[in-house]
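Peer 1: Sequence:
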Amino acid sequence: MTNNAATARKLSVVWGINEVYLDKEKGGISEAVLHAANYLKNEGLNDNDLFVFTAGVSNSKKQRTNLLEIREIGEVLSS
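Here the numbering used here is used: the first residue of the sequence shown is 2, the next is one more, and so on.
Hints are computed from structural coordinates only; laboratory data are not their basis. Remember, predicted model here, so these are calculated numbers, not experimental data. Just to be clear, a hint being listed does not mean it is correct.
Stated by the list, open to error - No more than 25 angstroms apart at the CA atoms, straight line, and that leaves these computed lysine to any residue pairs for SDA-like:
1) Lys-11 with Asn-39
2) Lys-11 with Leu-41
3) Lys-11 with Thr-55
4) Lys-11 with Leu-51
5) Lys-11 with Leu-68
6) Lys-42 with Ala-56
7) Lys-11 with Asn-49
8) Lys-42 with Ala-6
9) Lys-42 with Trp-16
10) Lys-11 with Gly-29
11) Lys-42 with Leu-68
12) Lys-42 with Thr-8
13) Lys-42 with Ala-9
14) Lys-42 with Ser-80
Kindly generate the complete structure, drawing on both the sequences and the hints.
Peer 2: Written out as structure tokens, the structure is:
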């Protein structure tokens, strides 16, 4: 799941995955994680299934911080 069309295409070609392109920002990290969990639930995954959420987060010093979270779908949706 990405908001960058070029990244979505590269993920599909290089890693052979089914990418999901977001046409715009979905707010902050929390909103993006919630959107991902809802999407996965709608695709048939169960509440106890895990997913990996990764992001590059910009900070005020024009540097990027890498983020990786392993989350349970049901836990995200119930919070």
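Peer 1: Below or equal to 25 angstroms on CA atoms is what counts here, so check Lys-11 against Asn-39.
Peer 2: Status holds; Cα separation ~24 angstroms.
Peer 1: Does Gly-29 lie within 25 angstroms of Lys-11 when you go C-alpha to C-alpha?
Peer 2: holds, 23 angstroms
Peer 1: Take the C-alpha atoms of Lys-11 and Leu-41, compute the straight-line distance between them, and say whether it is at most 25 angstroms.
Peer 2: Given that 25 angstroms is the threshold and the Cα spacing comes to 21 angstroms, the pair holds.
Peer 1: Run the distance test for Lys-42 versus Leu-68: straight-line Cα separation, threshold 25 angstroms.
Peer 2: holds, 22 angstroms
Peer 1: For the pair we were handed, Lys-42 and Ala-9, check the Cα-Cα distance against 25 angstroms.
Peer 2: holds, 20 angstroms
Peer 1: Check whether the Cα positions of Lys-11 and Thr-55 lie no farther apart than 25 angstroms.
Peer 2: holds, 16 angstroms
Peer 1: Is Lys-42 within 25 angstroms of Ser-80, Cα to Cα?
Peer 2: Status holds; Cα separation ~15 angstroms.
Peer 1: For the pair supplied as a hint, Lys-11 and Asn-49, is the alpha-carbon distance within the 25 angstroms limit?
Peer 2: Not satisfied, since the Cα-Cα distance of roughly 29 angstroms exceeds 25 angstroms.
Peer 1: Check whether the Cα positions of Lys-42 and Ala-56 lie no farther apart than 25 angstroms.
Peer 2: It holds: about 20 angstroms lies between the C-alpha atoms, which stays within 25 angstroms.
Peer 1: Given the proposed pairing of Lys-42 with Thr-8, does the C-alpha separation stay at or below 25 angstroms?
Peer 2: holds, 23 angstroms
Peer 1: Need the status of pair Lys-11, Leu-51: alpha-carbon distance at most 25 angstroms?
Peer 2: holds, 24 angstroms
Peer 1: Do the alpha carbons of Lys-11 and Leu-68 lie within 25 angstroms of each other, as the hint requires?
Peer 2: holds, 20 angstroms
In this structure, only the earlier hint numbered 7 is contradicted, and the remaining ones agree with it.
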